[in-house]
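The listed protein sequences derive, respectively, from chains A and B.
Quick note: the first sequence, position 66, residue 65 per numbering that gives the first Met the number 0, numbers continuous.
Quick note: the second sequence, position 298, residue 297 per numbering that gives the first Met the number 0, numbers continuous.
Bear in mind the hints are in silico, worked out from the structure with no lab data behind them.
We treat Cβ as the ideally placed atom computed from N, Cα and C, and that holds for glycine.
Among the hints, a few may not be true.
No more than 25 angstroms apart at the CA atoms, straight line, and that leaves these computed lysine to any residue pairs for SDA-like [as the list claims (entries may be wrong)]:
(1) B:Lys52 x A:Asp174
(2) B:Lys313 x A:Leu351
(3) B:Lys228 x B:Asp276
(4) B:Lys66 x A:Trp202
(5) A:Lys170 x B:Ser143
(6) B:Lys286 x B:Ala350
(7) A:Lys203 x B:Glu55
Every beta carbon over 10 angstroms from chain B, so not counted as near; a handful from chain A, in silico [unchecked claim]:
(8) His46
(9) Ser188
(10) Lys203
(11) Glu258
(12) Gln299
(13) Arg307
(14) Tyr317
(15) Asp328
(16) Ala334
Okay, here's what each chain looks like letter by letter:
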Amino acid sequence: MPQPTTPSHDSQSEAKPAAASPTPTPGTSTAPSQLGPETRPSGELDHLAFLYRQMLLIRRIEEECARAYAEGKIGGFLHLYIGQEAVGVGAVAALKPEDYVITTYRDHGIALAKGMPARAIMAELFGKATGCSKGLGGSMHMFDREHNMLGGYGIVGGHIPLAAGVAFASKYRGDGKVTLCFFGEGAVSIGGFHEGLSLAALWKLPIVFICENNEYSMGTPLSRSMSVEDVTTKALGYGIDRDRFFASDVLEVEQRIAEAVQRAREQSLPTLVEIRTYRFRGHSMSDPAKYRTQAELEEQKKKDPMHRARARLSAGGYAETRLKALEEDVETEVADAVKFANESPEPDASLLEETTYSGPFAY
Amino acid sequence: MRLKRGVLRRRGLVPMAHMIRLESVSEAGTGAMTMPQMNMVQAITDGLRHAMKRDERVVILGEDVGKVGGVFRVTQGLYEEFGDERVIDTPLSEGGIMGCAIGMALHGLVPIPEIQFADFIYPAYDQIVSELAKLRYRSGGEYSAKVVIRTPIGGGIRGGLYHSQSPESLFIHVAGLKVVCPSNPADAKGLLLAAIRDPDPVLFFEPKRIYRAARGEVPEGEITMELGKAAVAREGAHVTVIAWGAMLYEAFAAADEASKKGVECEVIDLRTLWPVDIDTIVASVKKTGRVVVVHEAPKTCGFGAELVALINEKAFLHLEAPPVRVTGFDSPFPYTLENDYLPLAHRILPAVLRTAQF
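Using the sequences and the hints given, assemble the complete structure.
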């Protein structure tokens, strides 16, 4: 019999002490999903296939990004999401299309999950005029008004109070939208995190804060960058709800985030969720990740949530031919995005003036 | 002759608003007999109330802005009139206030955050520089954040190091921001409404030294002013004096004394610091050939440096004397030595006379 998931709890009335919070090890779910293939109807298998496709699309787009970076087609800094796909895909799946998402500089994957077209993302990465931000931003600047994607943010933690403001506006307007705010565990030590949580808690805003804990703040492991191991203990100080689990199963991510989203939508209450995950690549393309062993990395790759989703689909009776067709479809989409980015024009220098102020330069 | 400081300091605070030309006023505001007299605080409150009445998206947030009405009482009465959803008391959290305001604007509100003193704005500087100023550009124009940041600026209240600074050039330097500093009640209301209408983020600096000292007629209802337009506040043929905010009155006082010695100053009130009205400056400098820039902020990399550079670029061959800056010193803002630090009339006058005689 599958275990029920650990319910998130109200920290003001029945908060668990930090020690009682689950102490997971990477790759081991503390709350095994109830959504085992043997119990799932085929409609939900189709849903899992959709999530698997999204994860695969992100993985393949990111691999092409790495290739383009090596070829000099993408410059500057490039932070890949490979290994963490289940977090973004599962969390965004718990939203309605009109809900808001705001995230960090590791933003391509979440932008894809939010529905932004691969073409606009790849073109932005290539710095082309057809990119979602006209090629002016690049890797860390995925914005799309149509999909309520409020961007990637390059200053760690800087976007967390912004997210509170967006949620405030939703509450003020009574539009029923929920804001999902992603950040890494490195952001938890910076002021913006605390000011954002403080205001969201004080004003009871419809928001879900998702800490993607990939264990390394750039190159420094969690144990050397934070005095406590459990990020969600920070929620206790602000009197908000919290949840904590591993991103080993994309369906579990969706379900657990859905609980927090429901709390935001129905009760206008914020939640801090820590999702333990692991990035298979370095912090950025210039990081060889020598601070961890190859054995550790290989061990993590065996637990790849994307492969787990595929295995579950197979075990659940999702036909191999359909899986293959889905995967070929992804390859076509990725190749099309790369071709589009390659063939698109570069932005004109006149854009500098047009997009700094609403009108021409000051003088 | 060296002027006695005390005399000029008192003279410097004589209300001069009647000398400032409004760009234009609405129909309702043209009947001079019906215009109410207001000080700066009342005029700004009136502007805020007007903006909030006409547009539900306008919200105010900041420390003590609600029930207390702000430490300078600029938001007094608005909490009672518009409620706690629109006049929002915040914790002491400048970075949070600013970030939250940006997020509100992303979702279509028009937030007017108040930073209690400009000296407290530095925790919000990252938000203003990294997020607010750059949103339009880095999203390729997909998003922008219409935020009007109100904050009291400058010395003159014996506030010492942390309640007196003039950090305007730190914001003028940042591409994507507009910067305003009014000198009289009518301009304060008109420029505030213009800032709220403007699609770009605006820093609205309120010179606290003249919050209550500057009084004048303020049109009721809407005032149509534009950002980026300076005023020739006093005409003169010999020396151009550029000032803004509270120091405008020191420039007037110095101009009065210079006039007694036969030197006529043309005093320009910048009103909007960025985008700067360089055309009005250049036209005046072409007439006088001599220029003195006055500001409270320290000299090095102060806005005066940029103004002088622009004048050199655009009117070099018209200059008859080196441009001169009369400014605060390159030191922290002093408590006991405030009247030595500030570029009051007793320091402006010798600079004007030297420039005239060069």
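To see whether the hints hold, each was checked on the structure:
no. : hint                : result
1   : B:Lys52 x A:Asp174  : holds (22 angstroms)
2   : B:Lys313 x A:Leu351 : holds (23 angstroms)
3   : B:Lys228 x B:Asp276 : holds (5 angstroms)
4   : B:Lys66 x A:Trp202  : holds (17 angstroms)
5   : A:Lys170 x B:Ser143 : holds (20 angstroms)
6   : B:Lys286 x B:Ala350 : holds (19 angstroms)
7   : A:Lys203 x B:Glu55  : holds (21 angstroms)
8   : His46               : holds (29 angstroms)
9   : Ser188              : holds (14 angstroms)
10  : Lys203              : holds (12 angstroms)
11  : Glu258              : holds (24 angstroms)
12  : Gln299              : holds (33 angstroms)
13  : Arg307              : holds (35 angstroms)
14  : Tyr317              : holds (37 angstroms)
15  : Asp328              : holds (28 angstroms)
16  : Ala334              : holds (25 angstroms)
Violation of the numbered hints given earlier is absent; every hint is satisfied by the structure.
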